[in-house]
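**Student:** Chain residues, written in single-letter form:
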Amino acid sequence: MKLVNHINELIKIKINENKNIVLFGQNINAGSCLSGLTKGLDVKKNNIIINTQNSENSLVGMGFGLMLQNVSSIFFMKQLDFLLLSIDQLVNTYNIVRANRIKASFTIFPVTVDSGFEGPQSSLNNLDDFCSIAGVDGYSMSNYFDSQSIVDKHLIRNGFRIITAGQKDLNKDFIKIKPIKEDHNGNFFQYKIGSLVTILCFNQSISYGLEFTNRITEKGFSSSLFSINSHSIFDYSEIIKDIEKTKQVIIIDDTKSRNKTSTNFINSMLDKKIIKKHFYINRLFSIETLYPCKDNLNIDYEKYIIDLIAE
Amino acid sequence: MKSIIKNIVWLRLAQLKINDYYKLGYFKIPIHLALGHETIAVCVNKIMNKNDHILLSHRNIHYNMMATKKIKLELNEFLLKKNGLANGKLGSMNLSNKDKNIEYSSSILGNNLPVACGVTLGKKIKKTKGITIVVTGDGAIEEGSFYESLLFAKSLNLPLIFLVENNEWSLGTSIKERRCPIDLSKLSKSLGMYYSCLEGNDPYKYIIELNKIKKQSIKNNCPSIIEVKLKTLGYWIKQDEDNPHGRFINYHAGPARELKENDFPLIEKSLYDPIFVIKKYVSKEVLIDLTKNIQKEINREML
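Sequences listed follow chains F and G, in order. Going by the working numbering, the first sequence wraps up at 311, each residue one higher than the last. Going by the working numbering, the second sequence wraps up at 614, each residue one higher than the last.
Mixed in with the good hints there might be a few duds.
[Claimed, not checked] Below 30 Å or equal to it, Euclidean Cα-Cα: the simulated BS3-like pairs (lysine-lysine) are: (1) F:Lys19 x G:Lys465; (2) F:Lys19 x G:Lys438; (3) F:Lys103 x G:Lys607; (4) G:Lys361 x F:Lys103; (5) F:Lys78 x G:Lys516; (6) F:Lys276 x F:Lys172; (7) F:Lys19 x G:Lys523; (8) F:Lys181 x F:Lys44; (9) F:Lys78 x G:Lys437; (10) G:Lys357 x G:Lys500; (11) G:Lys411 x F:Lys103; (12) F:Lys103 x G:Lys500; (13) F:Lys103 x G:Lys409; (14) F:Lys44 x G:Lys357; (15) F:Lys12 x G:Lys361; (16) G:Lys400 x F:Lys103; (17) G:Lys440 x F:Lys19; (18) G:Lys437 x F:Lys12; (19) F:Lys19 x G:Lys392; (20) F:Lys19 x G:Lys361; (21) F:Lys78 x F:Lys39; (22) G:Lys580 x F:Lys44; (23) F:Lys39 x G:Lys438; (24) F:Lys39 x G:Lys500; (25) F:Lys39 x G:Lys437; (26) F:Lys153 x G:Lys357; (27) F:Lys14 x G:Lys357; (28) G:Lys334 x G:Lys530; (29) F:Lys103 x G:Lys465; (30) F:Lys103 x G:Lys392; (31) F:Lys19 x G:Lys607; (32) G:Lys393 x F:Lys103; (33) G:Lys334 x F:Lys103; (34) G:Lys438 x F:Lys44; (35) G:Lys500 x F:Lys14; (36) G:Lys465 x F:Lys44; (37) F:Lys19 x G:Lys357; (38) F:Lys44 x G:Lys392.
Source of the hints: derived by calculation from the structure; they are not laboratory data.
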């Protein structure tokens, strides 16, 4: 089963547990229904579906207006970069609305265009920038269990947030690796516990982390594996505890932003002076990211692993 | 009739009082006075009922003051005091008042228009029968959000009035200086919306027209545009070495420097001054008496 179909099922279940929700966005109930993400939404329990016009700025403003009337809504969006048109509302309107005692939920659910073949659009492959500009809560999903948890916890709850999944992962069969620990708020998930190294995967980079753990296991060692699903700063103490044991860290972040959530983490970790060795696998914006191409991190896994074992 | 006239005079005097504080440099925040906008604010306030809501822009002092008729609440808010209208947390440009159905005010040009669509849709979903009015200006209708919101309001059949206060100015440039004309009557017609133009500051004509548009919009679930042609009064001519022949200053924010409280608060002898217009309904003597009484009332409140 593809991840998009799995998330679609989760969305339908969650919506049907609630009532009087306004579901809106372009083509959400027409055509391919955002490549299947919103397929089969129905209008049980007085839910309303609106296939809207193409006006992202106004549609985000409208979601906040609904909140002022204590009406909950979800704005499904085909591409994260469309949300660029809404920055005024994300900052200025949200800052006013959040100061009120609102008893409604507003979620924006865009798909992050991260396959690379869209060219210039895919230079924006993360929520970090959006969440940073106004302290917006944001969550990324990349597999069976984290999407289950995040949809359940955050799709419909009082307040505002952005939830996304990467286009690259959505169209693949989902990864089904059960977490051994998860933060109560869905900020992070721990999938493995080990002693050689702690691997932290930011944004949509869990598949690279899994590759690391598999290769480390093949060499007779073990590693801890976390995915960081929140794009906001949160309490890192559970993760720090693991690093205190392994003393070695690999941080993987596939965002092209200059404003990465992972840098906040690194700063807080370095302050604690608990690390013997750390590798930060990330990338900076480059002109190549503007052209259509396969958009993967090129990682020399063996080089890093040998270095870690030598320590 | 008396209450309408009294409210117009009160709103003028209350703003002049705020202006006096402004000239003395008491405010840390920018405030956009609305001298000359009194009639429309009084009339909108008059037609609003408990199921009606209004969303405002950065120039909102006239609507907010009419809703409470308490100058001290407003003044304390501008001074960012805890006993201000919003506990000193909203200041001027974002000042709203949920208790009086002022749902939201935005300091950002055109920002309140889509929010108004959401508020109106929310009311419709909750089956609240009432009108929503969103106040905007001739500058904000240049923003994309204006067009987007018109489309949205019409597509979803929302009883929403876009009230455009057209004072000709955006910061320091007039319409002629910055853009081609926008014919709102043609734009509204092209979208199948109602349109009305208010000009001349006659409060009784305004109330009749506002009520008519409100009823039409609610009955037919159809948005409307009401264009109000007015002047923001209190401008002055700057004359110095750089401007030997004088330069017209239409202040955007800031005090109206040359105005002060007066026995008779007329600013301009034209139909652009609501005080000038109401003279056709009451004599100058009655207006002077009314002014004195209201000034006493305001001074009592200020103590």
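**Student:** Next, verify each hint and record whether it holds.
**Tutor:** Going down the list of hints, with the structure as the test:
{"no.": "1", "hint": "F:Lys19 x G:Lys465", "result": "holds (26 Å)"}
{"no.": "2", "hint": "F:Lys19 x G:Lys438", "result": "holds (15 Å)"}
{"no.": "3", "hint": "F:Lys103 x G:Lys607", "result": "violated (43 Å)"}
{"no.": "4", "hint": "G:Lys361 x F:Lys103", "result": "holds (21 Å)"}
{"no.": "5", "hint": "F:Lys78 x G:Lys516", "result": "violated (48 Å)"}
{"no.": "6", "hint": "F:Lys276 x F:Lys172", "result": "violated (37 Å)"}
{"no.": "7", "hint": "F:Lys19 x G:Lys523", "result": "violated (36 Å)"}
{"no.": "8", "hint": "F:Lys181 x F:Lys44", "result": "violated (35 Å)"}
{"no.": "9", "hint": "F:Lys78 x G:Lys437", "result": "holds (28 Å)"}
{"no.": "10", "hint": "G:Lys357 x G:Lys500", "result": "holds (27 Å)"}
{"no.": "11", "hint": "G:Lys411 x F:Lys103", "result": "holds (19 Å)"}
{"no.": "12", "hint": "F:Lys103 x G:Lys500", "result": "violated (38 Å)"}
{"no.": "13", "hint": "F:Lys103 x G:Lys409", "result": "holds (15 Å)"}
{"no.": "14", "hint": "F:Lys44 x G:Lys357", "result": "violated (40 Å)"}
{"no.": "15", "hint": "F:Lys12 x G:Lys361", "result": "violated (37 Å)"}
{"no.": "16", "hint": "G:Lys400 x F:Lys103", "result": "holds (20 Å)"}
{"no.": "17", "hint": "G:Lys440 x F:Lys19", "result": "holds (21 Å)"}
{"no.": "18", "hint": "G:Lys437 x F:Lys12", "result": "holds (23 Å)"}
{"no.": "19", "hint": "F:Lys19 x G:Lys392", "result": "violated (41 Å)"}
{"no.": "20", "hint": "F:Lys19 x G:Lys361", "result": "holds (26 Å)"}
{"no.": "21", "hint": "F:Lys78 x F:Lys39", "result": "holds (13 Å)"}
{"no.": "22", "hint": "G:Lys580 x F:Lys44", "result": "violated (61 Å)"}
{"no.": "23", "hint": "F:Lys39 x G:Lys438", "result": "holds (28 Å)"}
{"no.": "24", "hint": "F:Lys39 x G:Lys500", "result": "violated (36 Å)"}
{"no.": "25", "hint": "F:Lys39 x G:Lys437", "result": "holds (26 Å)"}
{"no.": "26", "hint": "F:Lys153 x G:Lys357", "result": "violated (45 Å)"}
{"no.": "27", "hint": "F:Lys14 x G:Lys357", "result": "violated (44 Å)"}
{"no.": "28", "hint": "G:Lys334 x G:Lys530", "result": "violated (46 Å)"}
{"no.": "29", "hint": "F:Lys103 x G:Lys465", "result": "holds (27 Å)"}
{"no.": "30", "hint": "F:Lys103 x G:Lys392", "result": "holds (27 Å)"}
{"no.": "31", "hint": "F:Lys19 x G:Lys607", "result": "violated (54 Å)"}
{"no.": "32", "hint": "G:Lys393 x F:Lys103", "result": "holds (25 Å)"}
{"no.": "33", "hint": "G:Lys334 x F:Lys103", "result": "violated (41 Å)"}
{"no.": "34", "hint": "G:Lys438 x F:Lys44", "result": "holds (18 Å)"}
{"no.": "35", "hint": "G:Lys500 x F:Lys14", "result": "violated (42 Å)"}
{"no.": "36", "hint": "G:Lys465 x F:Lys44", "result": "holds (25 Å)"}
{"no.": "37", "hint": "F:Lys19 x G:Lys357", "result": "violated (36 Å)"}
{"no.": "38", "hint": "F:Lys44 x G:Lys392", "result": "violated (48 Å)"}
In summary, the structure is inconsistent with hints 3, 5, 6, 7, 8, 12, 14, 15, 19, 22, 24, 26, 27, 28, 31, 33, 35, 37, 38 from the numbered list given earlier, while agreeing with the others.
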